[in-house]
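Enquirer: Spelled out, the chains give:
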Amino acid sequence: MKLETKRFIIAGLGGLFLLSLVLVQWMETARRAEEAGLREPHIAVPASSEQCVSCHTEQNPGIVTHWTGSTHAEKGVGCYDCHEAMERDPDGFQHEGYFIATVVTPRDCARCHDAEAEEFAQSHHAAGGNILASLDNFLAETVEGSRIDFSPHSPAPGRNFGLVNGLASANSGCKQCHGAKVALVATDGSVLTVDDFAPDENGFPTNMDAVALIAKDENGKPMMDSDSWPNTGIGRLNLDGSRGSCSACHSRHDFSPRRARQPENCGKCHLGPDHPQKEVYEESKHGIAYRDLKDELDLDAEEWILGETYAAAPTCATCHMSGNIRNGGRITHDPGERISWTNRPPVSLAMDTDINHSIVTETDPETRRSLIHDTWQQKRDRMKNVCTNCHTDSYVNSFYDQYDALVNLYNEKFAKPGQLIMAALADNGLRTSTQFDEEIEWTWFYLWHHEGRRARHGASMMAPDYTHWHGMYEVAERFYMELIPQAREMADHAGGGAGAAVHQVVNDILARPEHIWFEEGAEGAAELIRQQMQDRYGRTGN
Amino acid sequence: MANPVAAWIGDRLPVSGEGLKELTNEPVPYHLKRWWFALGGTPAYLFIVQIVTGILLAFYYEAAPATAYQSVDYITHEAAFGWYIRSLHKWGATLMIAAVILHQMRVFFTGAYRAPREINWMVGMCLLICTLMTGFTGYSLVFEQLSFWGATVGANIADSTPIVGGFLKRMMLGGDTYNQATLSRFYIIHAAILPVTIMLLVVVHITIIRLQGVTEFKFEDEREGEQKTFNFFPDHLYTELMIGLVLMVLLSALATIFPATMGPAADPLTTPDVIKPEWFFYVAFRWLKLFSGTTAILTMGFIVFVMFAWPFIDEQIRKRTRFQEASVWVGVLGVIAIIGLTVWEAIARH
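Protein chains in written order, with my numbering: chain R, 1 to 542; chain U, 1 to 350.
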């Protein structure tokens, strides 16, 4: 080859190489533009998911559209990456050449998000499924429904129901927030759950007899029990032994962080008469600021750090989960890490937790100290780290004084006395051990479970109306106008020693200084308040 | 009038133009005009690419179990041009190993290892082993699930070596099992010890070539009386430049079309269903599956010994038997075995 020819070839190859560098520069610029949100991200479907996307674009276009807008799609995480099943997974099945499972569990998500999954597993959220054996569930499964399916007592024109599903209320209600125990249909007509499969530490079943019983459809797909699926309850009990459902907050199939950062997302479950956190938040200054300044929250930010990315208003996630500049931007998937009171039980408890993240109920101070792994003060300090991004220390401390005082007032004036009265009735045989079969049990339930929580939650998140009118006002009304009269009536009706014992408990409670007004009268109190107002403001209040 | 700048430099670097011309313009045997004989420089060229991209990656890489994967992830998804540099490094490694193997095969099949070039063949063997070790340690640094378990399996293989196995494993891992010190050990071997060793070996390799001259081949289509050599500069340099540019364009294309990706992060508590090393170890991995640990190690050691000593073995065969081209048949069998075992491992699930 002549030297001249070689020079031409070298020049050509050099030009080609320079062109490739220009292409690289273009790709880098495009990547930066996508990151900055200036350009729609380029989505490359991973090879293992091409077939899924191809078919489901036709069959369920919404799924693919949602996924296409997700960070997963941007990062090349496809359908098969999450839905891939192992050979031994009981719910795995062959589908168009791939072995997959329908239900994606936290164990699956942990393949990439292990730290988040571990934090979540320690949270009260992950234990949400414990309600399946609680008083609330007794309400849904027995009081509202029936543990035994029963035949309709008259025809339903146009429909032909074989049996009435007694668990319908629990399935469509409780379990959709708290989580179902995911079940497969067995060939003998029963259902198979995590209890039957007894999974090992890797989530694989150890009871092969149960695996052999799984009923499959004509395509070989294990049949899901429709009482347990669909379900995205946050404490779902999965077949692989894991607890929870990441999609409870990170809705599939776009898994949007933006949505998880907004209070409406939490509001799927944290609302209503018994725990109206969403409504409480909306009434608070925080919620008002959120509605006004939502556009300034940079909800799409990759790293969403209070004090750095935004400061316009806090959402549920801001205070309970997200990072802030004071904690180095550390996010937690255990919302309990920053909560210093649990207002869930009838009497609020300080959130001293043990090594297993359970609340320490021990009363002996020394034993209690030895059991506590994370104190309520530590949790409160974590929350104060959030508060002090926008409020001074003294402001935050004074807020907590107000909050503690309200919880303490509720506990001491109504909750503990209420517990004493209910215990006295039970101890003296004036009510049965079955819940909700006596009127006073409904009264007491309303008092602590609905109104008592509303008052406490209202105070915890600065919602005055929920603290007072929807809260303490109704607690007081329920206590004085219903609980006390009903207890006295039951005592009168029973008579004898049992009745006298209950009367004694009620009398002792009403003789306390904070209750004495009820039976001995409060004449003069109104005049005293009016006088104080006049002294303070120089005029008479209405 | 003399150029004052040239005079200034000439005073300080007293190298004569004639001497420089002689040094660079050594006559190059005419067969190197056939481009496939000029591929010996390819691994060296790719080695330079690896050094440059490796230095750039080292700016961000953190060799600790807690941060290694995240740092590679940062390079791949955050750092400016990080994905490109990492992909060049990954594909550069693949092409370099392929180039070394191809160069070694060319030398073998053309008998260029024969006397008096036995020492340079062995230097070449050392370069091959160093290149493979660099590939192994580099793959381990990513600290994804397969690279972690690949390193663990590698250490267990070393452990199967009789007598010194335990020592080798401890030297590899910095302890009895994979621990905090293992990654930094791999890193220093990958980024300092092996590159320096390779550089020294390349210097020895080229020095021997310069001292002995390149093996000359005569081809049937060459006419008698034709020119036997040509100039290194600029003729051969242009050829090398063309090969270098083709490689750079190829590397750039591979890096952009098939960029390096990330597998799941290493999880010491979960053994993957399928553990596979990088492709260049498929042959050894399949061999290990065919035989028990110690047998496989000993036979592989024997094969490597035979490869080292082949110039002397070949000489004895040629002296003592009528099989003058036995090396060709041994080479063909070897290549078939290597390709067969590699493909077997590639398609096998377990």
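Bear in mind the hints are in silico, worked out from the structure with no lab data behind them.
Predicted, not measured: the structure shown is a model, and the values here were computed from it.
Keep in mind that the hints are not guaranteed to be accurate.
Claimed, not checked - In silico DSSO-like pairs for lysine-lysine, Cα to Cα no more than 27 Å straight-line: (1) R/Lys2 / U/Lys21; (2) R/Lys379 / R/Lys268; (3) U/Lys169 / R/Lys6; (4) U/Lys169 / U/Lys289; (5) U/Lys169 / R/Lys75; (6) R/Lys294 / R/Lys216; (7) R/Lys294 / R/Lys278; (8) R/Lys379 / R/Lys416; (9) R/Lys268 / R/Lys285.
To be verified - Covered stretches of chain U (chain R as the covering partner; in silico rule of three or more C-beta atoms under 8 Å from a C-beta of chain R): (10) 58-69; (11) 133-143; (12) 282-290.
Said to hold, decoys possible - In silico negatives: residues of chain U with every beta carbon more than 10 Å from chain R: (13) Ile208; (14) Val332; (15) Ala337; (16) Thr342; (17) Trp344.
From the three backbone atoms N, C-alpha and C, an ideal C-beta is built for every residue, glycine too.
Enquirer: Decide, hint by hint, whether the structure agrees.
Expert: Hints, one by one, checked against the model:
The hinted pair formed by R/Lys2 and U/Lys21 meets the criterion: a straight-line CA distance of about 21 Å does not exceed 27 Å. The straight-line distance between the Cα atoms of R/Lys379 and R/Lys268 is roughly 25 Å, inside the 27 Å bound, and the hint therefore holds. Taken as a hint, the U/Lys169 and R/Lys6 pair is broken in the structure, with Cα atoms around 51 Å apart against an allowance of 27 Å. Under the criterion of a C-alpha separation no larger than 27 Å, the hint pairing U/Lys169 with U/Lys289 is consistent with the structure, at around 19 Å.
Annotation: proposed proximity of U/Lys169 to R/Lys75 is violated, straight-line Cα distance about 37 Å (limit 27 Å). For the hint pairing R/Lys294 with R/Lys216, the CA-to-CA distance comes to about 48 Å; that exceeds 27 Å, so the pair is violated. Straight-line distance between C-alpha atoms of R/Lys294 and R/Lys278 comes to about 16 Å, which keeps the hinted pair within the 27 Å bound. Between R/Lys379 and R/Lys416 the CA atoms are separated by roughly 25 Å; this keeps the pair inside 27 Å, and the hint holds.
About 21 Å separates the Cα atoms of R/Lys268 and R/Lys285, which keeps this hinted pair within 27 Å; it holds. Under a criterion of three residues with beta carbons nearer than 8 Å to beta carbons of chain R, the stated coverage of the region 58-69 of chain U fails, only 0 such residues being counted. Against chain R, the region 133-143 of chain U contributes 0 residues with a C-beta closer than 8 Å to a partner C-beta. That does not satisfy the three-residue criterion, and the hint is violated. Figure legend: the region 282-290 of chain U, annotated as covered by chain R; annotation inconsistent (0 residues with Cβ-Cβ distances under 8 Å, at least 3 required).
The beta carbon of U/Ile208 is kept farther than 10 Å from every beta carbon of chain R, the shortest such distance being approximately 28 Å. Every CB of chain R is more than 10 Å from the CB of U/Val332 (nearest about 31 Å), matching its label as outside the interface. For U/Ala337, the shortest C-beta to C-beta distance to chain R comes to about 31 Å, beyond the 10 Å cut-off, and the non-interface label holds. Non-interface status of U/Thr342 relative to chain R is upheld: no Cβ of that chain comes within 10 Å, the nearest being about 22 Å off.
The beta carbon of U/Trp344 sits about 22 Å from the closest Cβ of chain R, which is more than 10 Å, so the claim that it is off the interface holds.
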